[in-house]
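**Q** In case you want the letters, here they are:
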Amino acid sequence: MRQLGNVFNKGKCLISFVTAGDPDLETTRSLVLALEEAGVDIIELGVPFSDPQADGPVIQAAGQRALKAGTTLSKVLDLARNLKGDVKAPLVLMGYYNPIMSYGEERFALDAAEAGISGVIVPDLPFDEGEDFYSTLDRQGVDGILMLTPNTEERRLIETGRRGRGFVYCVSLLGITGQESGFHEQMGEYIARVRKHVSIPLALGFGIEGPERAARVASIVDGVVVGSAIVRLVEKFGHDRKELENNVKPFVTSLKNAITI
Amino acid sequence: MSRKGYYGRFGGRFVPETLFPALEELDKAYDELSCDQAFQKELKELLSKYCGRPSPLYFAERLTEYLGGARIYLKREDLNPTGAHKINNALGQALIALRLGKKRIIAETGAGQHGVATATAAARFGLECHVFMGEEDMRRQALNVDRMRLLGTEVVPVLSGSRTLKDATNEAIRHWVAHVEDTHYIIGSVVGPHPYPAMVRDFQRIIGDETKEQMYEAEGRLPDLLVACVGGGSNSIGLFHPFIGDPSVRMIGVEAAGKGIETGEHAATLTAGRIGVLHGSRSYLLQDEEGQIIEAYSISAGLDYPGVGPEHSAYMESGRVEYTSVTDREALEAFSLLSKLEGIIPALESSHAIAQVLKTAPGLPKDCLVVINLSGRGDKDMNSVRPYLLEGVEA
Numbered sequence: 021m022r023q024l025g026n027v028f029n030k031g032k033c034l035i036s037f038v039t040a041g042d043p044d045l046e047t048t049r050s051l052v053l054a055l056e057e058a059g060v061d062i063i064e065l066g067v068p069f070s071d072p073q074a075d076g077p078v079i080q081a082a083g084q085r086a087l088k089a090g091t092t093l094s095k096v097l098d099l100a101r102n103l104k105g106d107v108k109a110p111l112v113l114m115g116y117y118n119p120i121m122s123y124g125e126e127r128f129a130l131d132a133a134e135a136g137i138s139g140v141i142v143p144d145l146p147f148d149e150g151e152d153f154y155s156t157l158d159r160q161g162v163d164g165i166l167m168l169t170p171n172t173e174e175r176r177l178i179e180t181g182r183r184g185r186g187f188v189y190c191v192s193l194l195g196i197t198g199q200e201s202g203f204h205e206q207m208g209e210y211i212a213r214v215r216k217h218v219s220i221p222l223a224l225g226f227g228i229e230g231p232e233r234a235a236r237v238a239s240i241v242d243g244v245v246v247g248s249a250i251v252r253l254v255e256k257f258g259h260d261r262k263e264l265e266n267n268v269k270p271f272v273t274s275l276k277n278a279i280t281i
Numbered sequence: 156m157s158r159k160g161y162y163g164r165f166g167g168r169f170v171p172e173t174l175f176p177a178l179e180e181l182d183k184a185y186d187e188l189s190c191d192q193a194f195q196k197e198l199k200e201l202l203s204k205y206c207g208r209p210s211p212l213y214f215a216e217r218l219t220e221y222l223g224g225a226r227i228y229l230k231r232e233d234l235n236p237t238g239a240h241k242i243n244n245a246l247g248q249a250l251i252a253l254r255l256g257k258k259r260i261i262a263e264t265g266a267g268q269h270g271v272a273t274a275t276a277a278a279r280f281g282l283e284c285h286v287f288m289g290e291e292d293m294r295r296q297a298l299n300v301d302r303m304r305l306l307g308t309e310v311v312p313v314l315s316g317s318r319t320l321k322d323a324t325n326e327a328i329r330h331w332v333a334h335v336e337d338t339h340y341i342i343g344s345v346v347g348p349h350p351y352p353a354m355v356r357d358f359q360r361i362i363g364d365e366t367k368e369q370m371y372e373a374e375g376r377l378p379d380l381l382v383a384c385v386g387g388g389s390n391s392i393g394l395f396h397p398f399i400g401d402p403s404v405r406m407i408g409v410e411a412a413g414k415g416i417e418t419g420e421h422a423a424t425l426t427a428g429r430i431g432v433l434h435g436s437r438s439y440l441l442q443d444e445e446g447q448i449i450e451a452y453s454i455s456a457g458l459d460y461p462g463v464g465p466e467h468s469a470y471m472e473s474g475r476v477e478y479t480s481v482t483d484r485e486a487l488e489a490f491s492l493l494s495k496l497e498g499i500i501p502a503l504e505s506s507h508a509i510a511q512v513l514k515t516a517p518g519l520p521k522d523c524l525v526v527i528n529l530s531g532r533g534d535k536d537m538n539s540v541r542p543y544l545l546e547g548v549e550a
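Chains as they are written, first to last, in this note's numbering: chain A, 21 to 281; chain B, 156 to 550.
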């Protein structure tokens with residue numbers, strides 16, 4: 021745990037998101053291994069939720085498939101525990117607040133730490149509502165990763181700088197995951213404004229659909245998050261693990277090369 | 156409220172960071188407008204000239220005789236344009252959108268009542284309007300879809316999740332996140348992140364304010380019992396809120412028990428739910444053991460929501476308001492009975508409140524004053540009730 025900061029010391033960081041349990045947990049397991057092999061530095065495991073407000077159609081559908089397959093928060097934690105010895109890349113859980121609240125905040129923090137989870141992102145739990153939860157995570161050595169958007173006001177940037185752990189997730193646009201239009205125009209100005217108040221690494225996500233766009237933003241941030249583009253491959257090839265691996269690996273490698281050069 | 160936007164331990168702002176500037180802007184504008192004389196005057200004019208307010212408080216003589224207990228009054232929100240109390244909020248929020256300089260409005264709708272009210276307000280003020288509606292609901296409520304389109308609104312079909320109200324709400328929130336700079340979201344009930352539960356309540360409290368005045372005129376005193384149905388809870392909060400500080404006034408909120416609480420097919424969130432977070436606030440919710448939201452069910456589409464306003468959760472915990480539930484069948488009986496006894500066809504939603512009074516009133520003293528919020532009219536429900544009426548379910 022507490023490895024997130026260190027990962028960024030090695031250079032530009034590639035972060036990939038996959039919905040856990042889509043189409044089943046075994047496939048997610050082999051996918052995580054393939055992602056790491058292909059060069060991913062941090063792996064976000066999405067915990068499926070019935071009402072994912074910040075997600076576009078691709079990740080919504082992945083969540084539905086995962087729920088249909090019986091995926092629960094406990095099973096995702098089991099998967100992480102099971103991956104612990106085999107994956108070096110830090111694992112981050114990304115999920116909505118209600119399933120965590122239902123599981124119990126304290127119990128979740130303990131179990132996440134024990135399963136080797138390095139960080140947690142809860143898109144619908146801003147720092148002001150999540151004060152208790154984020155300090156509970158902190159006590160267990162799990163990073164509470166906060167999100168920022170292009171329209172976040174200075175007062176909230178300052179608070180995020182003070183409270184954020186691991187890295188700060190900068191959303192690239194006003195919108196939802198997988199949205200390809202509306203990429204924030206003054207990206208440089210946006211990131212510079214964030215840096216004024218946030219000293220931990222910055223990762224940029226939402227709408228980064230391929231190497232070209234990843235390369236364009238990599239120069240100004242410390243990490244790039246790719247989600248929907250990978251989940252789309254799972255949607256297409258998820259029924260066949262070998263086929264999935266054959267398609268995901270070259271894509272991920274191209275992303276990694278794009279941000280490294 | 157213990158801290159801003161909270162009712163006891165309920166409420167809050169559980170939303171993606173993108174929405175904070177809009178919620179803060181709205182909160183500030185709303186605080187200012189609540190004490191802005193010109194704004195209040197404009198709204199009052201509109202409610203009087205456009206909606207015909209105040210709505211009557213009508214003494215239901217034959218219903219009173221039939222039940223043989225308390226004196227029963229009906230607050231006639233069914234006489235509003237668009238057929239329900241929803242227009243009170245839609246007009247108020249449209250005025251706010253204008254003050255904020257927003258050119259577009261969006262809304263979610265289940266049965267279409269809030270959608271039609273919003274489309275009406277949008278037409279009245281020349282605002283561009285998009286209403287999100289589950290594909291399944293669009294099929295069930297085709298007439299309301301036509302009404303919204305006639306009013307110049309674009310109805311956006313929602314294909315995600317269960318394709319009903321909660322998914323329409325998710326989609327409206329997603330759309331708002333992406334268009335937050337020029338768009339105002341008119342939420343239809345006392346749910347959502349702060350300031351919505353407070354703002355919608357304040358636009359609906361005119362129901363209770365008028366009732367208080369009208370009851371003084373009719374009987375020279377406060378009512379003894381208020382009864383209203385609870386889905387998200389806007390008509391009930393509207394009636395209850397002005398009486399919260401009057402300890403002699405008893406209040407009952409009636410949820411939809413659908414096919415029976417024990418069948419799992421119901422919408423009785425306060426009766427059978429547990430605390431969680433949905434659509435931006437902490438409140439009671441219908442959810443499974445894993446914290447996934449469960450679809451609500453009721454014959455009445457307006458009560459068919461797996462959440463409930465945070466202020467109601469607080470009133471339940473403090474005991475200030477009693478919450479009960481009524482089944483589809485009981486609501487249908489009440490629907491039929493009020494039609495025959497008073498010549499008033501109530502909405503299926505409001506029929507839940509009537510059904511509760513059918514149970515409670517006979518045991519009350521004859522001088523007890525009861526007000527039922529007749530939140531909407533039942534014309535829209537004729538298709539849903541036809542099979543039951545043919546079956547001979549009526550009282």
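Please keep in mind that the hints were generated in silico from the structure rather than gathered at the bench.
Quick caveat, the model's predicted, so the values are computed rather than measured.
Hints may contain errors.
Lysine to aspartate or glutamate pairs mimicking DMTMM-like chemistry, simulated, CA-CA at most 25 Å apart [said to hold, decoys possible]:
#, chain 1, residue 1, chain 2, residue 2
1, A, 216, B, 179
2, B, 183, A, 148
3, A, 88, B, 291
4, A, 95, B, 291
5, B, 183, A, 260
6, A, 88, B, 179
7, A, 216, A, 151
Some chain B residues well away from chain A (every beta-carbon gap over 10 Å; in silico) [stated by the list, open to error]:
#, residue
8, 168
9, 171
10, 172
11, 328
12, 332
13, 333
14, 379
15, 403
16, 435
17, 532
Ideal Cβ positions, reconstructed from N, Cα and C, are used throughout, including at glycine.
**Q** Now, for every hint given, state plainly whether the structure supports it.
**A** Going through the hints against the structure:
1. 216(A) - 179(B): holds (23 Å)
2. 183(B) - 148(A): holds (18 Å)
3. 88(A) - 291(B): Between residue 88(A) and residue 291(B) the Cα gap is close to 20 Å, so the pair holds against 25 Å.
4. 95(A) - 291(B): violated (32 Å)
5. 183(B) - 260(A): violated (53 Å)
6. 88(A) - 179(B): violated (37 Å)
7. 216(A) - 151(A): holds (23 Å)
8. 168: violated (6 Å)
9. 171: Violated: least Cβ distance 5 Å, not greater than 10 Å.
10. 172: Contrary to the label, residue 172(B) does not stay out of reach of chain A, its closest Cβ about 5 Å off (not over 10 Å).
11. 328: For residue 328(B), whose nearest Cβ neighbour in chain A is about 5 Å away, the distance does not exceed 10 Å, so it is violated.
12. 332: violated (6 Å)
13. 333: Not fine: 4 Å to the nearest Cβ puts residue 333(B) too close to chain A.
14. 379: Label holds. Min Cβ-Cβ 39 Å, cutoff 10 Å.
15. 403: holds (37 Å)
16. 435: Incorrect as stated: the minimum Cβ-Cβ distance to chain A is 8 Å, not above 10 Å.
17. 532: At about 31 Å from chain A, residue 532(B) clears the 10 Å cut-off, so the statement holds.
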